[in-house]
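Its first residue numbered 8, the sequence shown is counted upward by one per residue in the working numbering.
Just so you know, the hints here were simulated from the structure itself, not pulled from any lab data. Because the structure is a prediction, the values reported are computed rather than measured. Treat the hints with caution; some may be incorrect.
Straight-line Cα separation of at most 16 angstroms, EDC-like style, residue types lysine to aspartate or glutamate; simulated pairs [as the list claims (entries may be wrong)]: (1) K19 <-> E45; (2) K173 <-> E284; (3) K219 <-> D318; (4) K171 <-> D83; (5) K302 <-> E331; (6) K63 <-> D83; (7) K302 <-> E384; (8) K302 <-> D318; (9) K171 <-> E43; (10) K301 <-> D279; (11) K302 <-> D282; (12) K121 <-> E92; (13) K301 <-> E331; (14) K63 <-> E43; (15) K171 <-> D282; (16) K171 <-> E331; (17) K173 <-> D279; (18) K63 <-> D42; (19) K173 <-> D282; (20) K289 <-> E331; (21) K302 <-> E277; (22) K301 <-> E245; (23) K19 <-> D60; (24) K219 <-> D167; (25) K272 <-> D318; (26) K150 <-> E172; (27) K63 <-> E78; (28) K302 <-> D332; (29) K301 <-> E277; (30) K302 <-> D279; (31) K301 <-> D332; (32) K272 <-> E287.
Simulated DEER-style distance windows between Cβ atoms [claimed, not checked]: (33) G266 <-> S108: 46 to 52 angstroms; (34) N26 <-> N262: 36 to 42 angstroms; (35) A278 <-> L194: 23 to 29 angstroms.
Note that beta-carbon positions come from the ideal geometry of N, C-alpha and C, so glycine has one too.
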Amino acid sequence: MQSEYPTPVTPKPETAPRNVQVRPLSSSTMVVQWDEPEMPNGQVTVLIGIKDDGYKVYYTTNSELPITQWESQVVDNNQLTTISELTPHTIYTIRVQAHTSVGSGPLSSPVHVKTQQGLSIQKYVPPDIFVSDIGSVTLQWTKPIHSGESIVSYELYWNDTYAKEKHHRRIPILESYTLTGLYPNTLYYVWLAARSQRGEGATTPPIPVRTKHYKSLAYVNANATVVPGAPPGNVVGEAVSPTAIQVSWNPPPLNRSNGNIIYYKIQFVEADRSDSEASEIKFNGTSIILDELKKWTTYRIRVLAGTSVGDGPSSYPITIQTLEDGASRNRVILTWVPGHSGVRGNEKGHMRSEPILGVTYSIGILAMKELLAKEVENSWQEAPGNATSKDPYRRALN
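Please take these sequences and the hints and turn them into a complete structure.
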């Protein structure tokens, strides 16, 4: 039987993707990120859940070519992608286009970016990645064949599709590494690059890996303690001085704690720095003041909870800026009593008993005149000179 309701169709995008940002990660890799198109009436186009909806990212080293001759990469239901196998030390032009099953929208404005100059790799074997536990994955790789230059470190990159963030960490010369503190049941893209004294070299292709869900592990005891399955909630922060930020949060939901929460870890770093440079404080409360920070600086802050087994996933980051030098958060409490027609400004207030303190308008003006006159007299008396004129005045007062 045919349905009487028509199949919903996502309309053709009428505007281009917004806020296209491009960041080079290495000599041969860049990350492209953007926001959804905005319709003329202010509604944002949602390109999720219907087949053939998504984006197309175009890139080229020669922007004079027709768009049909540019290299392109299709991205499904995401607003972030990584482009690899680029030419080092080269300027690329990038444009993004949204499309649905009905058709394609306009192209975004061109964005230009230059890839870095780095280590020349002749052969790079992609790393093997396997999920080692809840919230962690382990990578294993072999040392790449290069052009005789010594490798001084590796650069590890990963994107998560939950918070839509890019992460980077510099690691020593190893051939395996375990990433921890990841979100459970989340798809990540992980890639690796070698670094020499000249800079960063070509990266491996991004490799997808999904972390385990905390319920996917089998336990002999149903009440066994494992790491928390959710981050702390309602993480908020407030700058309380030029060098301090107060952070507070709620524990993870009881049904996701997976045991007793015995500690929290607060990770904070300047907003323009990598997460690998973050400082970490272990704490057993739900509110803390981070001090000895830089003045008038924005910080990125996360909080995670832990059981006796280990760390759970970290919260979505918040950004807080410390105050300017000399500033502070002052709170003023005002108390007043409404009513009393004898107090100026209270004529229309609700009539109640006599106010705690009431001064009529005329008395207030007289008091102010007397105070100003006294200030002028004191200033004149303290001024140097004029001794002759001041003595008769003092005798008159006496």
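Quick one: which hint numbers does this structure break? Sort them smallest to largest. 7, 8, 11, 16, 20, 26
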